[in-house]
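Going down the list, the sequences are from chains A and B. Residue numbers for the first sequence follow my numbering, beginning at 1 and rising by one. Residue numbers for the second sequence follow my numbering, beginning at 1001 and rising by one.
Hints were generated in silico from the structure; no laboratory data involved. Some hints here could point you the wrong way.
As the list claims (entries may be wrong) - Cβ-Cβ distance ranges computed for the label pairs, FRET-style:
hint, chain 1, residue 1, chain 2, residue 2, range
1, B, Glu1243, A, Ile277, 39 to 45 Å
2, B, Ala1016, A, Asn203, 25 to 31 Å
3, A, Ile152, B, Asn1092, 37 to 43 Å
4, A, Ile53, B, Val1041, 49 to 55 Å
5, A, Phe205, B, Val1269, 31 to 37 Å
6, A, Phe205, B, Gln1235, 29 to 35 Å
Computed from a prediction, not measured in an experiment: that's the story for all the values here. Here a beta-carbon is modelled for each residue, glycine too, at the ideal position from N, C-alpha and C.
In case you want the letters, here they are:
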Amino acid sequence: MRSQIKRKALLRQIALQLFLLAVTAFVLFPLLWIFSLALDPRNIDKPLELRLIPPGASLNSFQKILAQPFRLLCRDPSDVSTCMTFSRLLGNSLLVSLGTSVIAVVLGASAAYAFSRFQFIGRQAGMLAFIVLIMLPASATLAPLYVLLTQIKIGNEPLRATLPGLMVAYGSGALPFAIWNLKGYFDTVPRELEEAAIIDGANQFQVFYRIIMPLSTPALAVTILFSFMAGWTEFILAWTFLENPSRFTLAMALRAMQGQFATPWSEFAALSILMSIPVVVIFFGLQRFIVSGLSMGAVKG
Amino acid sequence: MTEAQRSPTRRPSRWATFRHQLRTSLGPWLYIAPAGLVMLVITFFPQLFQVWMAFTDFRIRHLRFNVFNPETWPQFAPPFVGFANFYKIVTNQLAIENYDFWRILLFNLTWTVSNVFFHVVLGVIIALALNSKGLFGRRIYRALFVLPWAMPGYITALTWRNMYDPRFGAINQLIGIVNNWLGTSFPTDTRWMDVAQPPIGGPLSFLPLAFYCVLLANVWLGWPFMTVVATGALQAIPEELYEAASIDGASGWQKFWKITAPLIRPAMVPAIMLGTIWTFNQFNVIYFISGGGPFGRTEILVTQAFKLVYEQRLYGVAAAFSIVVFFILLIITLINNRITRATEAYYA
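So here's chain B without its partners, still in its complex pose (with noise of 0.2 Å):
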């Protein structure tokens, strides 16, 4: 240091700076191996392989293709098929009933926009009800609302597909109970997962009944995750900063929005990235409430990947796929990185 400082001209060169920090990279690397190890194997040879699969016709004689053993190369090697598979895709050529890869993709944007505005609003409108001063219960409160969450999502899906039964589910017989109560007369025979008439026209005429049913299972899911995130963000706000509000005349309103909301704001936004993701990739609420139907019209990108390889058996396709939905993904989360710097260092 001492010496740079009296001779500026003799700068290290930059080999030297780049060498220099090659070894102090050595060490931080050394942290990271273990976990970059095992990912190594386990997720990204399979994503690799996955890509190559993407390029070729690769169908079910080719599962006993392996790449360690070259004797079942010349037998079972699928052939390259080039951007064919995409371009099935995008121009839906694949021999599937009721595909369709714009509306897909038009439904599954829809289904995480409507999903994570839902999960934000409710699981702030809580956080905040269940952090006002004086309130009896907060505790049993707090404890009931996880529930939905640390329910095994799986579990929540088959019980919310029973529920919609016609005949003998819950929705409907609750409906029955509400029409003896005040003498209305709504249908309790709705079959819900198969109604093809869209209840709202217009805009939203692609948006089948099945929609709504399986957005209402996926809100009760998906709303106690961020109503624990901003409970933890609320938690952190100090009081003074309300009080002086109040002094200076600020109305409730106001102060939601000019002090809770910018601070609850850094701890939602990463939430908010997460649970697009998530929703995004909801395979068990679609998979096994709706099944994507009726026709299709609430398939997601996933849970069509998912058929493409358990009941078409085109698995080539199924890469294709799969890295298509990767690329939409990984356009999303780069536009909320530039929102919300997530992978800055911290001392940077």
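Isolated chain A, as found in the complex (with noise of 0.2 Å):
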């Protein structure tokens, strides 16, 4: 009888690792193959055969990414010194990522408290408006809004060439969805604790500030994740925006990669893998609270 058991679940066990085994394959499949074409020192566009490590595998690929200036990337297409090097496209990478996430989770906490504690008039249509937007293809405002952030001036350089008109306008594409999800969580801490800290002598914002953000972080950790990646691979906004090339970021200098004619693919593979590092990173590191982030909203709510 005992033992009918353990092979049972012995049974059950090798199953579970089959088909998790299966499911490994699949996801790991397409990320081998990108990595195996950056370690391909030929630059073709695909090896003629199917091997992790392709004949002749160097990091040359990596290295040139890393240490070279682009080519593609300079403000005088003569002189190398004014062309772009993987640190700066970085900096300016990360400065945009970071300015999105930061634009979308202060704004967008201070909104979803609001919906989510107080009756007030316009709050369901407010609501549904933010919702709605996260809808709505974007494609066709590209003009309107070139046109609008070139009106703005800082100094005399219109917004719309700046990197923080860049991290405005994805700060505001990524706000439905902060709004939407911090709301959902916001939903669910107790409204007791509130009304303790209230007796408590605090006030309305401290009580924000104090209390539901602390208790927030998974919603908050989900937010920044999102809007940071929104800011990390977007380039076809910053293509038709920005002018001066020392303002590229890494997605700009991936897309220009793709070029007309040969796309250097081993680079293009290095560059790739260069810039998904920093973003599973951050989500390994915020995993633990994007899974209660997500959900735990949508379970009470």
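Assemble the dimeric complex from its two separately framed chains, guided by the hints.
Pasting the structure below:
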């Protein structure tokens, strides 16, 4: 009897492992493919056979991406010193992505708090309006946004051609999801905690800042991650708006490599991997928050 | 309060109630103001502009039109054409190759439903597998399985495009290896994106081979999100429920449908709603993998709108197109909202 149960458990374990290994193979296949592209020294677009480590594998393409200037992104194509380097592209990308996160999280949390905690005129309509904005295709709004942001001047420069301009544009795009997700999570924070704090003499803002925010770390983490990723990978808007190559981002460099003629695939793959690493690291760092941050709001609401 | 109880005849007038509500509404709106203001400028204004553009014949020469500079108005203002753009869109009178609005819409809906179906089914099954008791390597699997989601979508899309290459792509090479192992002779030179002959006939003959390819790529991309959401919900289900069900003699199947499914439903429904919108507008996968081909048969509405802007430079038509897409999604969301009540206040 006892051994029968044990055998059943073992069979179950084997079946589960087989299934999960199959899923793992499915998940890893494209990732290994791009990894082998990056190692291939011949810089051809597709290896001739399926090998994880191609013949003559080297890390040259990584070295090239990290150390050499990007010839495609120069202010003056004849002068290499005006070309962008990986570190400067990375700096711009980080600035834009972090700026986007801050805008989305600060403004989003504030609005989500109001939608979650108060009854007021226009609440339903306002909430619906923000949700509706997730689904507006942005393709044709590029032209009016371009005109509008060109009108706003910082110094004698249009906001459109600056990195803060990009941050605001991306942040605005990330807000509907931020508000929607945060509101769902705030709903699960027991109102009794706030009432207790108010009895203890806290004001409305302190309640929000000292009680709601710390208790909502998972949802805040998800919001930060999503908006960071939006700023990190977007290139269509950036490509249209920015003029000065010294402000270009990594995503734009990746796009520039997909030129009209030959794509340097090894370098493209190497840059893809380098660009994915920070996102994946943040993802793993926040993983335990992500599970509850995405589902808790929904479980309760 | 007490005064009102004493003299029920002296109710506050409607106007007074409204004024009171207005005053209490001020605080909440102050919290919303920063987000509202940014979105008003960056999102609402261009969208309003887009609505106006949709009723004009806005082309490349009108790009010099500047709302804020009246001097440009007489020369660059686009002509007003009423509903002509919308009419042309739905009656297929656009001078674009392989354009058929109703076919694109049908494809877009098929694409969304099939994707979300696979995302949810796979996502829940894998979440269940990962959540089963005594599983070895749970943490490793969990870490590996978020990779497709964590990779930037644009990079994933280009990787898959490369893998579907007819000559040296990973997929055809894999088939070659399988042929070697098993002695089979599947073709290893399939032009995945170009085959016009539908693999499944009958009612599904409007779906070319490329559809199944982009579907596979997007399933790869989409299920981890559902797994993460389902995992969160599964972990919140008390173990006692299953124990009680076991004592009552419930089978595994019954436990799933009577306990698991209803309890993860509240978490899954909003995720499905979000996933539906994301998939409906999944630009990267379609645009970078199949490019809408062959013959525009895997085109979805957003890729078509993008092409109207960047290839045809028909800004007015593209604006009208976006509005059509918006209304389709609005209908879907309103139906979803009826089910999930996502906009209801917790303490309403």
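_Hints not upheld, ascending by number_ = No hint contradicted; all consistent.
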